[in-house]
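Colleague: Sequence:
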Amino acid sequence: MSRTRAKRILGMTLPQWTVLGGMLLLVCCIIVGGFWWLNSMVVAAYQSPALPILDVTPLSTFTHLPTETLAPTPSPTPITYRSLVPDGWKRFKADAVPGLEIWLPSSFQPQTEKQKQASTPVYDIENAQGIMALWDPTPSPYMIFTSFEASMRPAFASDLDEMIDTEFGALMRMGRLLERDEFVFTLEEYPARRLIFDITVNGVNAGLAIYVVRVGKDLYYMGFATAFNELYMHLPTFDQVIQTFRITPIVPTPAPTSTLPIPTNTLLP
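Residue numbers in the sequence shown follow our numbering, run continuously in steps of one, and reach 311 at the last position.
No lab work stands behind these hints: they were computed from the structure. Do not take every clue at face value.
As the list claims (entries may be wrong) - With a cut-off of at most 30 Å between alpha-carbon atoms, the simulated BS3-like pairs for lysine-lysine come out as follows:
#1 Lys-132 x Lys-156
#2 Lys-135 x Lys-158
#3 Lys-156 x Lys-135
#4 Lys-132 x Lys-158
#5 Lys-132 x Lys-259
#6 Lys-259 x Lys-158
#7 Lys-135 x Lys-259
As the list claims (entries may be wrong) - If you anchor each label on the Cβ, the simulated ranges turn out as follows:
#8 Glu-231 x Pro-183: 39 to 47 Å
#9 Ser-182 x Thr-122: 18 to 26 Å
#10 Thr-180 x Val-243: 30 to 38 Å
#11 Val-243 x Gly-211: 26 to 34 Å
Where is the CB? At the ideal position from N, CA and C, for every residue including glycine.
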């Protein structure tokens, strides 16, 4: 007698499929449970510990300090022309140029005609008119007195440096031009240059400080000559002298007018 053969699915019987399904279900439960346990451990590791909350004392109410009234900033004291002149200096004017004034140390005095003829000019400008010649009789160990000369001429070009090249070209070839700078006035707005020369005059080493200033349509040449070894010692004083150079317009005094009585009408008899 033959045994009944059990029905198979994919080569496995129904009880075998039941056992296999139970095993798969158990494996899934183990995997899910493992993931849940691992996730809980990670969360616990990153969770911050509970900290006790301290009692915080509330801040006191802020009291505004009284507003301080700021003192106004004092404005700078304006520079006046008189403040540029040191005490004890003398004012010099030029008869040829009304309104021109310049201040020098009290030791300077006008040159006599004999001194002018015997002295070597600071610069020799053919078309310039001499307007002032002074000298300082203070003796120097270098056998040369400090002198000051001023002259003027009409401007002949629009560019100041171009006129300087033309007028002082010969002096630049005779001596050494050490400096050529812009000279800035403290109060006035005159375009100006300062030239410093080293030159030998009659066997004596001299230093020249020449200032070229343009005022309107005119050029003014102002030069100091001194011993070269003393030039840079005197140069701050020379600059200070030129700062006092100015030309003020001359206001004409109005002529007095005669006052006539107002005519009155007189009735005829």
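Colleague: Run the distance test for Lys-259 versus Lys-158: straight-line Cα separation, threshold 30 Å.
Modeller: holds, 28 Å
Colleague: Please work out if Lys-135 and Lys-259 have their alpha carbons no farther apart than 30 Å.
Modeller: Holds, at about 20 Å.
Colleague: Given the hint that Lys-132 pairs with Lys-158, test it: the Cα-Cα distance must not exceed 30 Å.
Modeller: holds, 21 Å
Colleague: Does Lys-135 sit within 30 Å of Lys-156, going by the straight-line distance between their CA atoms?
Modeller: holds, 21 Å
Colleague: Does Lys-135 pair with Lys-158 here, judged by a C-alpha cut-off of 30 Å?
Modeller: holds, 18 Å
Colleague: Does the alpha-carbon distance linking Lys-132 and Lys-259 stay inside the 30 Å limit?
Modeller: holds, 28 Å
Colleague: If I claimed the Cβ atoms of Glu-231 and Pro-183 lie 39 to 47 Å apart, would that claim hold in this structure?
Modeller: holds, 40 Å
Colleague: A range of 18 to 26 Å was offered for this pair. Does it hold for the Cβ distance of Ser-182 and Thr-122?
Modeller: violated, 34 Å
Colleague: Between Lys-132 and Lys-156, is the straight-line Cα distance small enough, at 30 Å or below?
Modeller: Status holds; Cα separation ~23 Å.
Colleague: Is 26 to 34 Å right for how far apart the beta carbons of Val-243 and Gly-211 are?
Modeller: violated, 18 Å
Colleague: Do Thr-180 and Val-243 keep their Cβ atoms within the hinted range of 30 to 38 Å?
Modeller: Given range 30 to 38 Å: violated, Cβ gap about 19 Å.
In this structure, the earlier hints numbered 9, 10, 11 are contradicted, and the remaining ones agree with it.
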